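S.K.: The lines below spell out each chain.
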Amino acid sequence: MTDDSMSQAILVVGGGMSGLSAALEAAEAGFKVVLVEKNPYLGGRVAQLHQYFPKLCPPYCGLEINFRRIRSNPRIEYYTLAEVTSVTGQPGDFTVAVKQNPRFVNEKCTGCGKCSEAVTATISNPFNYGLSQIKAAYLAHELAMPQRFVIDPSIAGTEDGQKAFQACPYGAVDLGDKGQDLTFKVSAVVWATGWTPYDPTKIEYYNYDKSPNIITNVMMERLAAPFGPTQGAIQRPGDGQAPKNVAFIQCAGSRDENNLPFCSSICCLASLKQSTYIRSQLPESKVTIYFIDIRAMDRNEDFYTKVKADEGVSFVKSKIALITPTDGGNLILEGENTTTGERFKAEHDLVVLATGMQPNTALNKIPYDVAYDDYGFVLGNQAIIGAGTVRRPSEVVTCVQDGTSAALKAISAARR
Amino acid sequence: MDYQQDFAKEVYEKVDSGAEIKVCMQCGVCASTCPLREKMKYSPRKLWTLIRAGRRQEVLNCPDIMLCTSCYTCKVRCPRGIPVIDVMHGLAHYALEKGITPREETKKFGEAFWDSIYETGRVDEATVPIKYCLKDGMIAGLKKSLSMLDIGMALMKAKRLTPKLFIPPNFFIPGSHKIKGLKDLQKMLDKAKAMGARKEG
Ligand SMILES: Cc1cc2nc3c(=O)[nH]c(=O)nc-3n(C[C@H](O)[C@H](O)[C@H](O)COP(=O)(O)OP(=O)(O)OC[C@H]3O[C@@H](n4cnc5c(N)ncnc54)[C@H](O)[C@@H]3O)c2cc1C
Ligand code: SF4
Ligand code: SF4
Chain A
4 MTDDSMSQAI LVVGGGMSGL SAALEAAEAG FKVVLVEKNP YLGGRVAQLH
54 QYFPKLCPPY CGLEINFRRI RSNPRIEYYT LAEVTSVTGQ PGDFTVAVKQ
104 NPRFVNEKCT GCGKCSEAVT ATISNPFNYG LSQIKAAYLA HELAMPQRFV
154 IDPSIAGTED GQKAFQACPY GAVDLGDKGQ DLTFKVSAVV WATGWTPYDP
204 TKIEYYNYDK SPNIITNVMM ERLAAPFGPT QGAIQRPGDG QAPKNVAFIQ
254 CAGSRDENNL PFCSSICCLA SLKQSTYIRS QLPESKVTIY FIDIRAMDRN
304 EDFYTKVKAD EGVSFVKSKI ALITPTDGGN LILEGENTTT GERFKAEHDL
354 VVLATGMQPN TALNKIPYDV AYDDYGFVLG NQAIIGAGTV RRPSEVVTCV
404 QDGTSAALKA ISAARR
Chain B
211 MDYQQDFAKE VYEKVDSGAE IKVCMQCGVC ASTCPLREKM KYSPRKLWTL
261 IRAGRRQEVL NCPDIMLCTS CYTCKVRCPR GIPVIDVMHG LAHYALEKGI
311 TPREETKKFG EAFWDSIYET GRVDEATVPI KYCLKDGMIA GLKKSLSMLD
361 IGMALMKAKR LTPKLFIPPN FFIPGSHKIK GLKDLQKMLD KAKAMGARKE
411 G
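These protein sequence lines are chains A and B, in that order. To convert, note that position 397 of the first sequence is 400 in my numbering; the numbers rise steadily by one, no gaps. To convert, note that position 148 of the second sequence is 358 in my numbering; the numbers rise steadily by one, no gaps.
Hints may be right or wrong, so weigh each one.
Said to hold, decoys possible - Covered stretches of chain A, going by a simulated chain B footprint (3 or more residues, C-beta under 8 Å):
no.	stretch
1	276 to 284
2	307 to 314
3	341 to 350
Unchecked claim - For lysine to aspartate or glutamate, the following EDC-like pairs were computed, each having C-alpha atoms within a straight-line distance of at most 16 Å:
no.	chain 1	residue 1	chain 2	residue 2
4	B	249	A	184
5	A	41	A	184
6	B	285	A	184
7	A	348	B	248
8	B	251	A	86
Unchecked claim - Partial list, derived from the structure: chain A residues whose beta carbon lies under 7 Å from chain B:
no.	residue
9	291
10	295
11	322
12	324
Hints listed in this document are in silico derivations from the structure and should not be mistaken for laboratory results. Just so we're clear, the structure is a prediction, and the values are computed from it rather than from any experiment. Positions of the beta carbon are idealized from the N, C-alpha and C atoms, including for glycine.
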């Protein structure tokens with residue numbers, strides 16, 4: 004039943020938890036898989052998380068297991084820094100064009116980091132959501148798969164680029180790298196390009212761009228992560244001080260007709276989880292969670308109960324209507340406490356906006372005739388198979404299940 | 211305390227935009243975005259709760275529903291897309307129609323506004339407030355104008371009010387700044403009023 008010929012191959016777009024699951028399940032069932040990932044590394048957004056709710060374990064355990072499965076499976080071929088530019092044909096017979104962008108570092112790289120030491124230019128580090136700078140010759144992050152450096156295109160043609168070239172003892176820096184155009188014939192396409200945090204500047208009354216001490220939940224993950232911009236020390240970006248009185252604002256832009264009209268389903272749990280980061284690292288600090296209603300379903304409800312038992316975490320039923328920065332770097336929050344009926348102003352020294360997940364298919368459409376719902380999520384039962392957060396906002400467990408289910412659909416298309 | 215169970219239904223069916231509040235999720239954003247939040251006894255959110263609870267007298271007599279300055283912030287911000295301002299105006303209008311005046315001052319100001327349009331075809335920052343102040347007679351009117359002097363000065367500073375409007379003949383000769391074709395405008399206004407009355411009836 005196993006057939007490695009490309010005509011039965013499956014293409015998976017996006018190397019996050021959904022795409023990895025789909026790719027691995029299909030490959031382990033005997034099918035050839037081509038995995039196309041836009042970033043210079045695999046793993047997607049979970050690689051940027053500090054811990055997983057509700058168990059509070061590091062996402063890297065699970066990722067490492069998946070990476071090992073990939074390394075030991077000859078049926079998976081993966082391409083990083085690559086994007087699909089066109090898809091033609093139909094299930095059973097697709098032709099897919101892929102553009103791989105230059106990395107300027109070839110497979111001879113050992114990860115020694117000499118190129119990085121040699122260059123002087125820095126870029127805003129996308130892995131830390133701009134909370135830190137990184138050398139323009141860099142490893143995307145400590146545990147990146149593949150462990151291969153990247154040279155930012157901005158220095159490839161400069162003196163800095165030359166320095167990197169000269170510094171590499173293995174001849175791995177290739178400044179003439181033009182990337183490559185590839186074509187694949189496959190019988191099924193799984194689309195798992197994931198999500199993007201909703202742009203907080205669109206919620207103008209939160210004044211996100213007016214204070215460094217207003218951050219988003221994805222930035223909070225980086226602040227708590229041991230390999231993050233502060234080596235895991237939770238600090239106010241404005242002055243490096245440990246926050247004493249942190250506010251989480253739920254549904255920041257979600258469930259809002261003017262922004263994302265749907266519930267992202269994970270941001271309540273993300274804030275509950277992040278409040279444990281703060282309370283365990285800074286036991287003197289207080290946390291207040293402002294919410295419309297807390298959505299912690301099924302097994303996750305126990306986690307909510309656990310966090311609620313902590314006296315240092317209070318819950319205020321109110322959608323915050325305005326954030327005003329003070330001269331001292333604090334933030335004044337205004338809202339109506341809908342339990343007591345009081346309108347209030349509350350001062351905090353760090354505010355975390357629990358922004359939601361926008362499907363990447365809302366921002367970047369699939370180059371094929373595909374139907375979406377009003378918010379840009381991929382609908383089911385189509386020629387191209389959506390998987391994970393491009394189908395609905397979801398946590399990792401659901402993404403893994405959905406990736407597996409996408410693999411099954413792809414297999415049945417491939418065997419037709 | 212009055213509880214009239216069918217009041218919510220009455221609002222959904224009879225009040226302009228009243229049915230929109232069905233989708234309110236009680237988040238409280240409207241309460242905190244309103245520039246008059248300090249002056250309101252209730253917030254729009256609480257009013258909707260009172261409507262759902264059937265507190266007819268309390269809602270229709272509540273001055274808040276006539277306090278709105280039509281700034282539109284609530285309508286822009288409501289996460290459920292409820293035209294909060296339209297519901298507030300709808301409620302005020304409905305109360306007046308039922309013979310209730312939730313807030314005397316707003317009613318008087320509205321009348322002054324209407325009269326000014328009707329009589330001259332214009333509204334301006336001088337005529338309307340003066341008409342409004344004089345609603346309670348000369349002495350009370352003078353007192354009221356004096357109490358609002360600071361607002362007048364601020365308006366002048368912001369160039370929203372020119373002293374010219376107080377200089378004869380602009381103000382003292384009635385009708386000296388009527389628009390051309392006032393009669394036609396009045397015909398239109400009469401018709402609009404009749405249409406409004408028919409709709410309500
Ligand atoms: C603050 C926060 C905390 C969270 N914490 C948890 C938690 O504790 N536990 C939990 O279960 N879930 C958590 N989640 C949710 C979790 O992040 C998602 O469930 C998970 O990332 C979804 O995986 P995915 O593969 O669908 O998408 P992604 O992780 O976004 O992966 C998609 C991949 O596709 C790539 N890609 C994008 N566009 C293209 C393209 N055009 N071509 C090729 N590749 C492309 C991306 O680079 C990325 O690698 C959290 C979410 C947030 C916002
Ligand atoms: S999960 Fe919570 S914070 Fe996120 S949109 Fe839903 S209700 Fe709001
Ligand atoms: S802002 Fe809208 S949804 Fe929120 S309480 Fe007010 S009317 Fe209801």
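S.K.: Against each hint, give a clear statement of whether it holds in the structure.
M.R.: Do the hints match the structure? See the list:
1. 276 to 284: violated (count 0)
2. 307 to 314: violated (count 0)
3. 341 to 350: Contact hint for the stretch 341 to 350 of chain A vs chain B: holds, 3 residues under 8 Å.
4. 249/B x 184/A: Status violated; Cα separation ~65 Å.
5. 41/A x 184/A: OK: residue 41/A and residue 184/A at ~14 Å, within 16 Å.
6. 285/B x 184/A: violated (50 Å)
7. 348/A x 248/B: holds (12 Å)
8. 251/B x 86/A: Cα-Cα ~57 Å, so violated.
9. 291: violated (15 Å)
10. 295: holds (5 Å)
11. 322: holds (4 Å)
12. 324: Status holds, d = 4 Å.
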